[in-house]
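Residue 3 is where the sequence shown starts when you use my numbering, and the numbers rise one by one after that.
The set of hints was computed from the structure by calculation and includes no laboratory data. Note that the structure is a prediction, hence the values are computed from the model and not measured. Some hints could be false.
Each computed DSBU-like pair below joins lysine-lysine, with the alpha-carbon atoms no more than 30 Å apart [said to hold, decoys possible]:
(1) K25 with K62
(2) K48 with K14
(3) K25 with K83
(4) K14 with K83
(5) K8 with K55
(6) K14 with K25
(7) K83 with K62
(8) K82 with K25
(9) K48 with K25
(10) K82 with K62
(11) K55 with K82
(12) K14 with K55
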Amino acid sequence: MADFMKILQQVKDMQGRFDTIQKDLESRTVTGAAGGGMVSVEADGKGTVRRIKLDPSIVKPEDIEMLEDLIVVAVADAQKKAQTIQQEQMSQLAGGMELPFKLPF
């Protein structure tokens with residue numbers, strides 16, 4: 003029974019650390035880029051896009067399709083970086099817990 007109580011306490015501690023990590027991710031900033039930096043996307047650590055910056059030289063009405071593609075690439079880059087941060091944080095969260103099974107992150 004003592005082992006069960008120990009696991010419950012670890013889960014409670016993990017929940018507190020999880021909440022802290024979520025707040026930390028919201029305060030972090032990652033930047034994705036495309037087109038040699040002509041398009042940049044700023045997102046939080048959860049991957050939510052906050053800002054898109056465009057170099058004026060690529061804003062050409064006759065080439066909107068290229069601009070759209072660059073924006074998609076920059077957003078994906080920012081979200082990939084945010085996902086990497088999330089995985090790092092979550093692996094630290096589960097690192098100290100002694101569970102009879104492996105968590106999926």
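Going down the list of hints, with the structure as the test:
1. K25 with K62: Distance of about 39 Å is beyond 30 Å: violated.
2. K48 with K14: At roughly 23 Å apart (the allowed maximum being 30 Å), K14 and K48 satisfy the hint.
3. K25 with K83: Since the Cα atoms of K25 and K83 sit roughly 17 Å apart, the hinted pair holds (cutoff 30 Å).
4. K14 with K83: 29 Å, holds
5. K8 with K55: Cα-Cα ~50 Å, so violated.
6. K14 with K25: 17 Å, holds
7. K83 with K62: 29 Å, holds
8. K82 with K25: Judged against 30 Å, a Cα distance of about 19 Å means the pair holds.
9. K48 with K25: 10 Å, holds
10. K82 with K62: 28 Å, holds
11. K55 with K82: 18 Å, holds
12. K14 with K55: Violated. K14 to K55 sits at ~42 Å, over the 30 Å cutoff.
Violation of the numbered hints given earlier is confined to hints 1, 5 and 12; the remaining hints are satisfied by the structure.
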